[in-house]
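*Asks:* One letter stands for each residue in the lines below.
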Amino acid sequence: MELYQQTIEELHKALTEKKIKPKDILDSVYQRVDAVDHKVKAYLLVTKELAYTMAATAEDRLMKNENVTELTGIPIGLKDNMCLEGVPTTCAAKMLAGYRPPYTATVLKKLTAAGAVFTGKLNMDEYAFGSSTENSSFFPTHNPWDLERVPGGSSGGSAAAVSADMCIASLGSDTGGSIKQPASLCSVTGFKPTYGRVSRYGLIAFASSLDQIGPMTKTVRDNAIMLKHIAGADENDSTSAAINIPNYLKDIKTDVKGLRIGLPEEYFIDGIQKEVKEAMQAAIEVYKKLGAQIVKVNLLHTDYAVDVYYVVAPAEASSNLARFDGVQYGLRDTAAQNMIDMYKRSRQQGFGKETKRRIMLGTYVLSSGYYEAYYKKAQKVRALIKQDFDEAFKKVDILLTPTSPTTSFKIGEKSGDPLTMYLSDIFTIAPNLAGLPGMSIPCGFDEKNLPIGMQLLAKPFGEQDIFNAANAFQYATDWHTRRPKI
Amino acid sequence: MAITKKDVEYIAHLSRLEITEEEKVMYTEQLSNILEHVNKLQAVNTDKVEPMIYAIEMKNVMREDVVKPSLDKQKVFAAAPSIENNGFKVPKII
Amino acid sequence: MSLKEKYEIVIGLEVHAELNTKTKIFCGCKNEFGAEANTYVCPNCLGLPGSLPVFNKQVLHHAVKAGLALNCTIAHKSKFDRKNYYYPDLPKAYQISQFDMPIAVKGYLDIVNKQGEKKRLGITRLHMEEDAGKLIHLTKTGQIADAEESLVDYNRGGVPLAEIVSEPDMRSSEDAYLYLSAVKAILKYTNVSDCNMEEGSLRCDANISIRPFGQEKLGVKVEVKNMNSFNNVRKAIDYEVERQMQMAEAGEAIIQETRLWDAGKAKTFSMRGKEGAHDYRYFPEPDLPILETSAEYINTIKAELPELPLQKAERFISQYGLPAYDAGVLTSEIPLADYFEKVAKLSAEPKLSSNWIMGDLLAKMNEAGEADIEKVKVTPEKLAKMLGLIKNATISGKIAKTVFEDMYATGNDPEQIVKEKGLVQITDTKAIEEVIDKVIAANPAIVAEIKGGKVQAMGFMTGQIMKESKGKANPQLVNELLKKKLGV
Ligand SMILES: [Mg+2]
Ligand SMILES: [Zn+2]
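Taken in sequence, the protein lines are chains A, B and C.
If you read the first sequence in the numbering used here, its first letter stands for residue 1, the second for the next number, and so on.
If you read the second sequence in the numbering used here, its first letter stands for residue 1001, the second for the next number, and so on.
If you read the third sequence in the numbering used here, its first letter stands for residue 2001, the second for the next number, and so on.
Calculated from the structure, these hints are not laboratory results.
Quick reminder that beta carbons are idealized off the backbone N, C-alpha and C, glycines included.
Keep in mind that the hints are not guaranteed to be accurate.
[What the hints assert, rightly or not] Partial pick of chain A residues on the chain C-facing surface, computed with a CB cut under 8 Å:
#, residue
1, P101
2, P102
3, P140
4, L203
5, T239
6, Q281
7, A315
8, E316
9, A322
10, D341
11, R345
12, Q348
13, L366
14, E391
[Claimed, not checked] Stretch by stretch, here's where chain A covers chain B in the computed footprint (C-beta under 8 Å, at least three residues):
#, region
15, 1004–1012
16, 1020–1031
17, 1048–1054
18, 1063–1070
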């Protein structure tokens, strides 16, 4: 087996046993990138020089056996919305082409401290607005399982890169499902932690009350390793939580006997692809066999989640994206004769269609006369959605749902109709509005051999419960070990 | 609440976007469709519900009043489109 | 009927005070005036993508303290909101401020006018927010309207502000002036702000309207900005009130707008057409968790409050028997009040102390352009000593002026000045009689007039005698002895 095909755990073992060096893994990963990325197009930027420097540092640590962590020497890809000092960070936006931030995101500082190696910046929907990575200003990313299809989004590059073995693990970010949905469409393990579990400092904001960074990996166990290293309170993020971080991998279980798994009725509806339903049934059977208790629950306000989301998220985004005005950095129309024209022309040229659509939608719902009817109303319904989950978690430990109603769709298939595209996040949005941790893990394939994922949810800061349940599933099945042939 | 072309022009101005005629038509239609969907929310009874601002509620997160280093000059201006005399230069304001 | 009798003036003020902290409100950059442009900046206060605000504890402390000093109710639960608008000095294109849940509400302060009349003015709210950066307009006039280009300096961006909004309770520019002075005094007493208008650490906008007396409904209000001194606030209000009255008289409609005060031209002018209607799209700031203040926290800060200006003034009135106006002036700043109290205690002559401080000392400081009483060479001890010399008749009040003059310039001891300059008052009857005789001898015609009944001419004689004695003769003795000699 090639090094690029292995997991963090396997590589860490080989590294500490001195069978391989970090440079060997990096060589292997880049060899793979060179071989397949012209087809997948997951990378916006390959940071070879930086990566080899980081690999050398990792090697030094391993040699001296100093500060060695499970991530020392492990090649990790980064979604391009996390600031890395001096390295172009663009959010896949024309507005920020060539922009090099003067500081580094907390998560990237933490990974650096752990000895990880950054392979490059991964493609995404511009400013994370999308569910297909077609909205990248530079080029779309292709699903490694079928190159004519989308990898999902907005962390499509992060999902495709792990799926196609172009990095050992990656970081994505999730606002309405941007880690979980592409993880499902590309057959990787993607985790959106509890809001506040991971620092957002240095993550270019989309919707501040929803954004969360999370790991995308080949296995649940690798995911537990990654989360342990990036989690924790950060003095630079006032919304990061000062809550004890378990040693996820050490505490992980494979036993789910007596675990109460809830199936929310509202998530098993018409319109879900037949094979997705079947895969869910099969997964439920697996859990039953493992001794879990299956409970039916109701989340009565589920139907409103997408509506709440498409008020709240664009509202916050319209404000977060107002700073892209061409004054200090980014695209500026230099021909403009006055300030207001400079703003309008720079923003008109720098933003893509979907970005403008969300800014306008968000501006509208906050504008004078509409705030109460839209924004405030949505925040109230959001409270009801959260209450539903609170009630459900009194009865169950875990909720199990499909991640996405369908498997991957063709590039261009939904791009003309924003509303249909928005509905592809129907299952991931509600838990995100409630701030819940959620993971998507592979649970099957459809007739076209396209991956199917299932979503596991837990109460706030109940990440360990998800790791346990997901790990038990991966222990009992092998869906997660399958790789696309490209 | 149907959205008109005039509304679109107003919010484009508020958002500082110089959108084209074609976009005005497109956004009028698309935003109307989205808002029509969203209007479903009006049916939910939220009489006794407080708006939810934070996904996870916390309080009193504060820092000490202690000076931290500021950015080096060359980092401040590294990405600046136009500078003069240590200031970011902008065109005519009014 | 004059226009002032016909129309009632209604004024409300919005004061922005920069708070006294080491660092900015949401980052660790220095809160300091006067540095080279864009040196106290970081990803947060530059609003760079990915940056997040972290709230400075000291800002809450200051805001609560100021709120309590302004008799406000402190909110147990408070939050930040985003105020969205585009302007190059606002790097995120939104200002983090407080909208519907400010830290302090429903306060008041009392002002006392020259006549000693007290008036209570309502305070609607006090909230915390971040300051914007500073624009430097590249043009000879420095005026925004003439500038083809401008430079932005973000050093001031993120400096903590308290915005204090008054009720529309003021009825004259004098009220406004006194209100501002009172706010400034309170903020300085509590050490919440330096209130330095030249450095922009205290700024004021005025909402001005007029209505016919007796009318309940408020008139259309005009917001006037850009007044950089208390005197300019007064002038701008007077100008604006006159403008509105003339318009009302001419039957023209006053429009709701923002006008800028141009100190050079002594006029307000319209900013219309600049930004169009404001639609700030306020919404809760998701990056900052809510603030809760416990009763214990509020009480701790309450216990830190010093004696406030008005309390002090009232004490000065009762303890030292000062007139209300004097007490107001002397308590406008703590160092001045402390100075007065020291002099009053050392000299045991509070009224005389107040007269000398309010008159000669403040005039002299004003003339010398000295604002800091602690830098003045005339220490309270020296001034008290001088008052003692007046009291025991070593020097006359008139001579004291000379002594004070010298003391202000040199800082020398008053006794030493009196001795060196030979200014000791003559109380020796014989010596005074000698001078009187000399003057009588030199002015026979006037003496004759007095004796003939023209008593008013006495004043001339006294003057001559004082002159002859180089001002050192005790004036009361001179008067007595002269009368005796002339038999009147
Ligand atoms: Mg304000
Ligand atoms: Zn700063």
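*Asks:* So, for every hint listed, does it hold in this structure?
*Replies:* Results of checking the hints against the structure:
1. P101: Hint holds; P101(A) Cβ to chain C Cβ min 7 Å, cut 8 Å.
2. P102: holds (7 Å)
3. P140: Interface hint status for P140(A): violated (23 Å vs cutoff 8 Å).
4. L203: Holds - the Cβ of L203(A) comes within 8 Å of chain C, reaching about 6 Å at its closest.
5. T239: holds (6 Å)
6. Q281: Hint violated; Q281(A) Cβ to chain C Cβ min 39 Å, cut 8 Å.
7. A315: With a minimum Cβ separation of about 6 Å from chain C (threshold 8 Å), the hint on A315(A) holds.
8. E316: Hint on E316(A): holds, closest Cβ of chain C at ~6 Å, below 8 Å.
9. A322: Because about 3 Å separates A322(A) from the closest Cβ in chain C, which is inside the 8 Å limit, the hint holds.
10. D341: Violated. Min distance 12 Å.
11. R345: violated (13 Å)
12. Q348: With a closest approach of 14 Å, the Q348(A) hint is violated.
13. L366: holds (4 Å)
14. E391: violated (24 Å)
15. 1004–1012: holds (count 5)
16. 1020–1031: Result for this restraint: holds, n = 4.
17. 1048–1054: holds (count 6)
18. 1063–1070: violated (count 1)
In summary, the structure is inconsistent with hints 3, 6, 10, 11, 12, 14 and 18 from the numbered list given earlier, while agreeing with the others.
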